[in-house]
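S.K.: Based on these hints, arrange chain B on the given structure of chain A.
Just so you know, the sequences run in chain order A and B.
Residue 213 in this note's numbering sits at position 213 of the first sequence; the count goes up by one each step and never skips.
Residue 1066 in this note's numbering sits at position 66 of the second sequence; the count goes up by one each step and never skips.
Just so you know, the hints here were simulated from the structure itself, not pulled from any lab data.
Warning: the hint list may mix true and false statements.
[What the hints assert, rightly or not] Chain B stretches covered by chain A per the calculated footprint, using a threshold of three residues with CB under 8 Å from any CB of chain A:
1. 1007-1020
2. 1283-1290
[What the hints assert, rightly or not] Between beta-carbon pairs, the in silico distance windows are:
3. B/Gly-1350 - A/Arg-58: 39 to 47 Å
4. A/Ala-98 - B/Asp-1237: 56 to 64 Å
5. A/Ala-98 - B/Ile-1329: 39 to 47 Å
6. A/Asp-218 - B/Arg-1368: 30 to 38 Å
7. B/Ala-1013 - A/Asp-194: 41 to 49 Å
8. A/Ser-15 - B/Leu-1325: 55 to 63 Å
9. B/Arg-1368 - A/Asp-194: 35 to 43 Å
10. B/Ile-1259 - A/Gly-59: 49 to 57 Å
11. A/Pro-116 - B/Gly-1258: 47 to 55 Å
12. A/Arg-58 - B/Arg-1369: 16 to 24 Å
13. A/Ser-15 - B/Gly-1258: 48 to 56 Å
14. A/Lys-24 - B/Ala-1013: 48 to 56 Å
15. A/Ala-98 - B/Leu-1262: 34 to 42 Å
Model, not experiment: these values are computed from the prediction.
Yeah, the Cβ is synthetic: ideal placement off N, Cα and C, and Gly gets one too.
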Amino acid sequence: MSGVVCQQVAIEFPSAAGPIKVLKGVDFEARPGELTMLVGPSGCGKTTLISVIAGLLRGATGSVNVFGQQVTSLSNRQLVPFRLANIGFIFQQYNLLAGLSVIENAAVPLVAAGSPWPDALDAARDLLNTLGLTPHLTKLPRQLSGGQQQRVAIARALVHKPRLLLCDEPTAALDGKSGQAVMGLLRDLAVSPDRAAIVVTHDPRVYAYANRIAHMEDGLLVNVEEVLPAQLATTH
Amino acid sequence: MIRIAFRILLHDAAKYLALVLGIAFATLLIGQQSAIFHSVVQSSTREILEASEADIWVMKPSVETLDQTDPMAELAVNRVRSVPGVAWAVPYYQAIAQLKTADGRSKSVTIIGVDETSLVAAPRTMLIGSLADLARPDAIFVDAAGFSTIFPDTPLATGATVEIGQRRAHVVGISHVGPSWTGLPRIHTRRSIAIEMARETINPVSYVLARAAPGHAPADVARAISAATGLQAHSSDGFRIQTQNWVLKYSGVAENFGITILMGVVIGVAIVGQTFYMFSIENLRQFAALKAIGVANHRILGMISIQALFVSVVGFCIGIGVASLFFAIFSPQLTGGLRGMFMHPAIFIGTGFFIVLITLISCLISVRRVLTVDPAIVFRS
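Isolated chain A, as found in the complex:
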């Protein structure tokens, strides 16, 4: 089963000085059962690439295939339910809904997909317990530390069992220890045989959690590094 396969993906944005090519023909693959890291300097196109993969950014050329579905051929109307069913997001700034409790935040994707609140809350509770957030279920996001908020974001990203997990700098706002803990949880919970995980990061301290590391530079994929099982970080 293929996970994410990008072929010759290119995109440019208009600017006063003329169009800027942000992706210049990227060939990229993220396999199911693996955590693939997308690394490289700022502005090299990492976040743009995952935005194109998620269908959040339109206008790219080339082919983007997510678990057998050509994302670039989907209309905006088709993309919304596709994302809801197949993709989980973890953002650098968490983007939790400030007025919702921890457990409600984690339940949002299920509710959005039509699950009744009680069922959604049950599923969210199970996941949050696994993530060690049992004492914080009814708290608001602002009452949590950054690491705890990112764990809520992990729960929200995984609660509806998506086939693709997209993480944008999940440890950038965290201290080293919290970052390691979050990556450990991601590896434990997100990586499964039928799910691919892509993590965009600048942080070399978390490279050890990747199965593969794709290096980008100036809008191109320049190198893909396989991480041997023996080199993988051990978690908990």
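M.R.: Just chain B now, with coordinates in the frame of chain A:
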């Protein structure tokens, strides 16, 4: 998603309060001013409303409005009585005269002369005295508000002797009537006395008040009276509308209140629109996150519409509650310009619809930004 919409709305108490209070203020301004406007316009037809026994008013063709009387000969009463469909008809006299108190103070008053025998159009509510007292020699009723302007700082009481149009009169009753368009004290008396007070040399009739016989519509009987007598005749409702239209056209009251009500609308739209816009912009990232997760635009629109509907209903309830309290305090008072004013149910309902409408429109204007926001902004730090 309704739960999420409410949580986003109620989470920031300060913004929620600003929204609700903005709407409440707009509701208060629109509802209260509309009700006062309605009450003021209605006061121009006070005598028609209070002469509830009659459902037909007959007058000279030259009369355009209630206060603009043009006396007719008393014969007009019998001519009206002779028209088929008329159950009864009585004379009614109304004029403005000068009242002098025993200590020499002078005051313009409206004198209303009612039919001697039937007392049709006499006041319904007496605070002191009774309707039968009007049969006493030189008897007059003074309305409570008028009494306090004629006899300042004097408790309501009968017994005073005054002079109206050089005719002596005794205050034998204090009536409670709503405010009139002119604001002058209202003196009710028998028509024969009223004519002497107005120093009329003939025996005039301002209006003939009539009632349609059972089974006859007042408007039809009024048309028959006009056809048979050449006089102008209306049903009570028809004359009321004619008078109100005259007031709206010539008095400037519509323009004055219209500007205030328009200000309420503008302030309401501005406050609600601006606050909702800021609210939406400040929550843009949260809505973008929902869009990225896979929440469709129409569901986000539904969430924001529910938020708008909720704050508009809460704001309306507070605003209309304050307006109602205002009328509950001032309306029952015996004196003062706000006595008798009230909020008509149509104004209550109309204000509610209008407030919900402007809130939804304001919210839909501000929601455009949310609907067009690029969900990819959630990837930007």
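S.K.: The structure should be examined with respect to each hint, and the outcome stated for every one.
M.R.: Results of checking the hints against the structure:
1. Counting residues of the segment 1007-1020 of chain B whose beta carbon lies closer than 8 Å to any beta carbon of chain A gives 6, which reaches the threshold of three, so the coverage claim holds.
2. Counting residues of the segment 1283-1290 of chain B whose C-beta sits closer than 8 Å to any C-beta of chain A gives 5, which meets the bar of three, so the coverage hint holds.
3. Hint check: B/Gly-1350 to A/Arg-58, Cβ distance near 46 Å, so the stated range 39 to 47 Å holds.
4. Remark: the range hint 56 to 64 Å for A/Ala-98 to B/Asp-1237 is upheld by a beta-carbon distance near 57 Å.
5. Separation of A/Ala-98 from B/Ile-1329 is about 41 Å and conforms to the stated range, judged on CB atoms against 39 to 47 Å.
6. Separation of A/Asp-218 from B/Arg-1368 is about 37 Å and conforms to the stated range, judged on CB atoms against 30 to 38 Å.
7. Against the hinted window of 41 to 49 Å, the Cβ-Cβ separation of B/Ala-1013 and A/Asp-194 comes to about 44 Å, which satisfies the hint.
8. Between A/Ser-15 and B/Leu-1325 the C-beta distance comes to about 60 Å, which sits within the given range of 55 to 63 Å.
9. At about 40 Å, the beta-carbon gap between B/Arg-1368 and A/Asp-194 stays in the expected band of 35 to 43 Å.
10. A hinted range of 49 to 57 Å holds for the C-beta pair B/Ile-1259 and A/Gly-59, which are about 51 Å apart.
11. Remark: the range hint 47 to 55 Å for A/Pro-116 to B/Gly-1258 is upheld by a beta-carbon distance near 51 Å.
12. For the pair A/Arg-58 and B/Arg-1369, the beta carbons lie near 19 Å from each other, so the given range of 16 to 24 Å is met.
13. Distance hint for A/Ser-15 and B/Gly-1258: a CB-CB separation of about 52 Å, consistent with the stated range 48 to 56 Å.
14. Our hint of 48 to 56 Å for A/Lys-24 and B/Ala-1013 holds, since their Cβ atoms are close to 49 Å apart.
15. About 38 Å separates the C-beta atoms of A/Ala-98 and B/Leu-1262, a value consistent with the hinted range of 34 to 42 Å.
Comparing the model with each numbered hint stated earlier shows that all of them hold.
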